[in-house]
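*Asks:* Given next are the chains, with one letter for each unit.
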Amino acid sequence: MAEMLEIRWHGRGGQGAKTASLLLAEAAAMEGKYSQGFPDYGPERMGAPMRGFNRISEEPIRVHCAIYSPKIVVVLDDTLVSTVDVASGLPDDGIIIVNTIKTPAEIRSELGLEGRTVYTVKATGIALDEIGRPIPNSPMLGALIKVSPFLSLDSVIDQIKKKFSHGFKPEVLDGNVRAIKRAHEEVTSE
Amino acid sequence: MARRLTLTGNDAAAEAMRQIDPDVVTCFPITPQTELMHKFADFVADGEVKAEMVLVESEHSAMSAAVGAASAGARVMTATSANGLALMWEIVYIAASNRLPIVMPVVNRALSGPINIHCDHSDTMGCRDTGWIQLYSENAQEVYDNILQAILIAENPDVLLPVMVTFDGFIISHTVEVLDALEDKEASDWVGEYKAMYTLLDTEKPATFGPLDLQDYYFEHKRQQIEGMSNATGVIKSVGKAYEKLSGRAYGMTERYMTDDADYVVVALGSTCGTAKVVVDEMRAEGKRVGLLKIRSFRPFPHAEIVAGLASAKAIGVLDRSVSFGAPGGPVHKEILAALSGTGHQTSIVNYLYGLGGRDISLDHIRSVFEELETVAGKTIAPNEVRFIGLRG
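As given, the protein sequences belong to chains A and B, one line each in that order.
Heads up: the first sequence at position 116 corresponds to 116 in our numbering, and the numbers run straight through without jumps.
Just add 1000 to wherever you are in the second sequence, counting from 1, and you've got our numbering.
In case anyone wonders, no lab produced these hints; they're calculated from the structure.
Predicted model, so just to flag it, every value in this text is computed and none were measured.
Some clues are possibly wrong.
Simulated restraints, written as ranges between beta carbons of each label pair [stated by the list, open to error]: (1) B:Lys-1185 x A:Gly-32: 47 to 55 angstroms; (2) A:Ala-66 x B:Trp-1089: 50 to 58 angstroms; (3) B:Leu-1201 x A:Glu-59: 45 to 53 angstroms; (4) B:Leu-1201 x A:Phe-168: 41 to 49 angstroms; (5) B:Pro-1383 x A:Glu-59: 48 to 56 angstroms; (6) A:Asp-174 x B:Asp-1042: 22 to 30 angstroms.
Capping the alpha-carbon separation at 20 angstroms, the derived lysine to aspartate or glutamate pairs in EDC-like fashion look like this [said to hold, decoys possible]: (7) A:Lys-71 x A:Asp-92; (8) A:Lys-162 x A:Asp-40; (9) B:Lys-1288 x B:Glu-1371; (10) A:Lys-71 x A:Glu-114; (11) A:Lys-163 x B:Glu-1057; (12) A:Lys-162 x B:Asp-1046; (13) B:Lys-1195 x B:Glu-1052; (14) B:Lys-1039 x B:Glu-1057; (15) B:Lys-1237 x B:Glu-1227; (16) B:Lys-1314 x B:Asp-1263; (17) B:Lys-1314 x B:Glu-1371; (18) A:Lys-146 x A:Glu-185; (19) A:Lys-71 x B:Glu-1186; (20) B:Lys-1288 x B:Asp-1263; (21) B:Lys-1050 x B:Asp-1261; (22) A:Lys-163 x B:Glu-1048; (23) A:Lys-33 x B:Asp-1180; (24) B:Lys-1334 x B:Asp-1129; (25) B:Lys-1050 x B:Asp-1023; (26) A:Lys-163 x A:Asp-174; (27) A:Lys-162 x B:Glu-1371; (28) A:Lys-163 x B:Glu-1286; (29) A:Lys-163 x B:Asp-1042; (30) B:Lys-1222 x B:Glu-1090.
Covered stretches of chain B (in silico footprint by chain A; criterion: 3 or more residues with CB under 8 angstroms from a CB of chain A, positions within the stretch not fixed) [what the hints assert, rightly or not]: (31) 1269-1278; (32) 1347-1353; (33) 1361-1373.
The beta-carbon is built from N, C-alpha and C at its ideal position, and this holds for glycine as well.
Please put together the full structure from these sequences, using the hints given.
*Replies:* Structure, rendered in structure tokens:
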């Protein structure tokens, strides 16, 4: 059986982790893959820690439980690093990507993490520059695709354009696309 | 030519409703209603469907309006979830008793209290004796396919009963996944035009709906209703075969996954079946003879298929996602015991209660059920010896 990629998103209510996970599932399907995207609905309060999940596979996906051992963890808010066990279940060859101004080494130390690979990107700064709002989900999608190119960047950008062309003003849409591309360039590892 | 879509279970249900384009859709537009009707209301507002949408002040009224419209000869749909279904209760019975072929997607969620919006089967299991047909869906694909089939099952003149198409709250309703949908023309040809046998508005052939029916004929009318439900078994199978010709996807009363030579079989409904299939594949690769018996139609209950599907089993684990308080085991468990009763099939049956209020059931949980079944084979298990999955303390 072909390997299935599992991803877990950690964010706070309002940062767009749910939207990012749903959008990633749609972008994967556009490339002919099978995918799931689902949030972990809790109290749904602005600012409360929440999670999103993705499964992506070449084969139909039948499993319908939570994801316990994701290959990749994406953290939209670095204050969660010390308050939530964001690295839970991350395997030895796992990847964690954090939106922060800190270095990968600093995040590794905060997490007390051995092995795995830590990446960081200043996604909030990029979002403020390019979109004008501190919503880090689009740039984090760009960073994710750079770190693990299981999809093409164009598919993700196409899906964002398709999904939000009616809801967003053109300059906001363009800002999101620029933010994705910048984060794709600027994400750094140790 | 299939259209590949990426939708939540809710949006898959709304997509089926868009293609069916019923005459009337009734809806209480506030929680516990889900995004399903939100999406369908978009279709109405955008002029993509001709359906008359009737927004009402409660779920009780939503089903009442559905009953009225269906009595007038309209093809009618509504949708609900959890406490909304509970509030409909009185009229849910009347819809079935008046033989009105209403189709209603139900997002399975826990009943309060304490307040909980996540998945379990308490809502629809509570109305298993209302006279509605109940089809449980494993994933978004089945949500879509079951709704299209439900129209033909409900409206079949030998059945004339309403159908609930259920799917797991959040696990399916709010998860985006990939499915194949029919072309619009294929779907509208499939459901065709609905012509009610009797309608309130047909003055050429006047009929009485819902009159007083006391000791004189009530019992006979109930007997007819029993016959309608009994006929539904054959109709569900024949509609499933016809739908397979159209879509390439097969549907029956149950799905037997690797049960033919299985020593240990898990019986389940809904999204858990997908997770269980993965465990079955893994354990089969290890040489274990395990299988899954998925129940698609809980009403009518598929006794013959259950007996056939469990024929080889030395031990059976029945997974219940709702409680029947004070009863020896959950609703599914009791049906399995009843189905096997008198067949002479000697097997050990264990009831597992799981997933209440959305508690996750993982691959490991299902594996541990199979492992436990290996140890109980040949033993007598008391019906009230219910075991719990994923319960703390």
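*Asks:* Does the structure break any of the earlier hints, and which numbers would those be?
*Replies:* Of the numbered hints given earlier, those the structure breaks are 1, 2, 5, 8, 11, 19, 21, 27, 28, 32, listed in rising order.
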